[in-house]
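Visitor: Just so you know, we're using this note's numbering here: the sequence shown kicks off at 1173 and counts up by one.
Bear in mind the hints are in silico, worked out from the structure with no lab data behind them. A couple of the hints might just be wrong.
[As the list claims (entries may be wrong)] Simulated DEER-style distance windows between Cβ atoms:
| no. | residue 1 | residue 2 | range |
| --- | --- | --- | --- |
| 1 | Val1374 | Leu1288 | 50 to 60 Å |
| 2 | Ala1524 | Phe1570 | 17 to 27 Å |
| 3 | Ala1522 | Asp1206 | 49 to 59 Å |
| 4 | Arg1259 | Ala1524 | 46 to 56 Å |
| 5 | Gly1519 | Val1482 | 25 to 35 Å |
| 6 | Pro1296 | Glu1250 | 34 to 44 Å |
| 7 | Leu1288 | Val1264 | 26 to 36 Å |
| 8 | Ala1218 | Met1474 | 22 to 32 Å |
| 9 | Leu1604 | Glu1250 | 22 to 32 Å |
Remember, predicted model here, so these are calculated numbers, not experimental data. Beta carbons are placed, not taken as given, at the ideal position from N, Cα and C, and that holds for glycine.
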Amino acid sequence: MTAMSRHKDGFDPAASQDGGTAPDQPTLRALGDDPIEACLFVGLIAGLAWVPLWLGGNRLLPWSVDAIVFPALAFVYEVSNLARARRHAIAVKRIAVAAALFLAVVVWILAQMSTLVMSGLAHPIWAMASDALGRSAAAGLPGTISVNPAATGRALMRLLTDASVLWLAMQLCRRAARAQLLLLFVAGVVAAYSALGLILAVAAHGAIPFLDAPDGSGFVRSTFANPNSFATYAGLGLITVTALALRLYQHAMSDTAGIASNRIGSLIAATGARAGFCLGALLVILVALLGTASRGGILATMLGVFAVLVLTTTRRRRRQGERIEGIAFVAAAIAVTFIGFGDRFVGRIATAGLGDVSRLAVDAIAMRAILDAPLLGFGYGAFADVFPMYRDQSISNFEVWDLAHNTYVEVWLGLGLVFGTALMTALALLVLKCAIGAVIRQRDSMAPVVATAAALTVGVHALVDFSLQIQAVSLTFMALLGAGVAQSESSRHAVAD
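Based on the sequences and whatever the hints tell you, model everything.
Guide: What follows is the structure in structure tokens.
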């Protein structure tokens, strides 16, 4: 891409570097000259804004809407490319192994739902059901590997929706200015939902007046069904806005030398001129996050923010003459806010600790179930049907467990160890690509940094909660990951097909 074309995108080339002059704010020119891609990008970000509105997208109707909207956008992108004989911005071969693993998983899920599999592979529950209905072996119920093919189909629908967002973001965000615009949009939307969550916590005790949801007990949860899921969503926004703020402050400081008062003056000027939105959004999101009192969500987010700071600091040290006052300023703002508003979170840890005996017991029960079907699994998304078969007295009879609160265990239980690991490996390969780009790229590294830190946050929280199975979280993460993959390689590299 030439210097002239980069200017036409509304993004100054010097600004896209990690050092240099202050960056231009993204404008509508960042959408690019292609009206079809611009419309698709607007559709993508509008869809991401809608997803959290209805209990974080965790209901059948939002699932269905999302399963139409996002794959339709990806379909239009593919058709437009074919009609205009245009190439993909990122060739499939650049992610060939991850794509092959994902395709294998999709084929396996279809096989789990199929009644055409050999009778010896079908789960025994179908033969038991036939016996209970008094049917003969010849007239018995058609068996499947999945104990609930309908639930497996719904889970596949959500998985394909996630994949469509990842693919679309990866193709549309190869343009650096568009990737930055996506990050800015994610930060703004999460800040808006965080502000709404704070208002509902104060005015309605955490309840959601316009949705059929139980009282929130005063915890911040915005429009989500529970505070833990919102904590992960807020964490993604906090990571994104932290990276944006760091970039703006560092550009403001890159040309500043001399006495400390001059550098402090530059920080103050940058806050008023350019970084005010980012700093304000950061504070709103962080206060809302702390208001959730989610132990896993907050700790996982802090780990992700720490990763952003470490990656950014490491890059600064590789460049001579650049200062880290911006990093110190943002870190101090986060620390002060945590001290001022983190009492509820600290109090919950003091009273309840960090562990959860019930969740550990559920993990142990689920692992026993996995060992009963280590290769075939019980059907993707069928945890709620399988768990009652293995439930024991190690957990209370009054507790309802329709999700495992450990995404890794639930994936293995559904897909089996082979294909469950394949799905995780496909995702890990994309994250690794972002991590490498975050370290080695000389400019436009912000999207890979955000994607790497976001993956760390959702990956850690997935050990203790099901937030990654909430579409507002998963689709936002997929968009960030897609942008990170798109920007993980230099613009000088030929990555189109």
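Visitor: Work down the list of hints and note, for each, if the structure agrees.
Guide: Here's how the hints hold up against the structure:
1. Val1374 to Leu1288: 50 to 60 Å: Given about 56 Å between the Cβ atoms, the range holds.
2. Ala1524 to Phe1570: 17 to 27 Å: holds, 18 Å
3. Ala1522 to Asp1206: 49 to 59 Å: holds, 55 Å
4. Arg1259 to Ala1524: 46 to 56 Å: 54 Å Cβ-Cβ, so the 46 to 56 Å window holds.
5. Gly1519 to Val1482: 25 to 35 Å: Since the Cβ atoms of Gly1519 and Val1482 sit about 29 Å apart, the hinted range of 25 to 35 Å holds.
6. Pro1296 to Glu1250: 34 to 44 Å: Since the Cβ atoms of Pro1296 and Glu1250 sit about 42 Å apart, the hinted range of 34 to 44 Å holds.
7. Leu1288 to Val1264: 26 to 36 Å: About 29 Å separates the Cβ atoms of Leu1288 and Val1264, which means 26 to 36 Å holds.
8. Ala1218 to Met1474: 22 to 32 Å: About 31 Å separates the Cβ atoms of Ala1218 and Met1474, which means 22 to 32 Å holds.
9. Leu1604 to Glu1250: 22 to 32 Å: holds, 26 Å
Of the numbered hints listed earlier, not one is contradicted by the structure.
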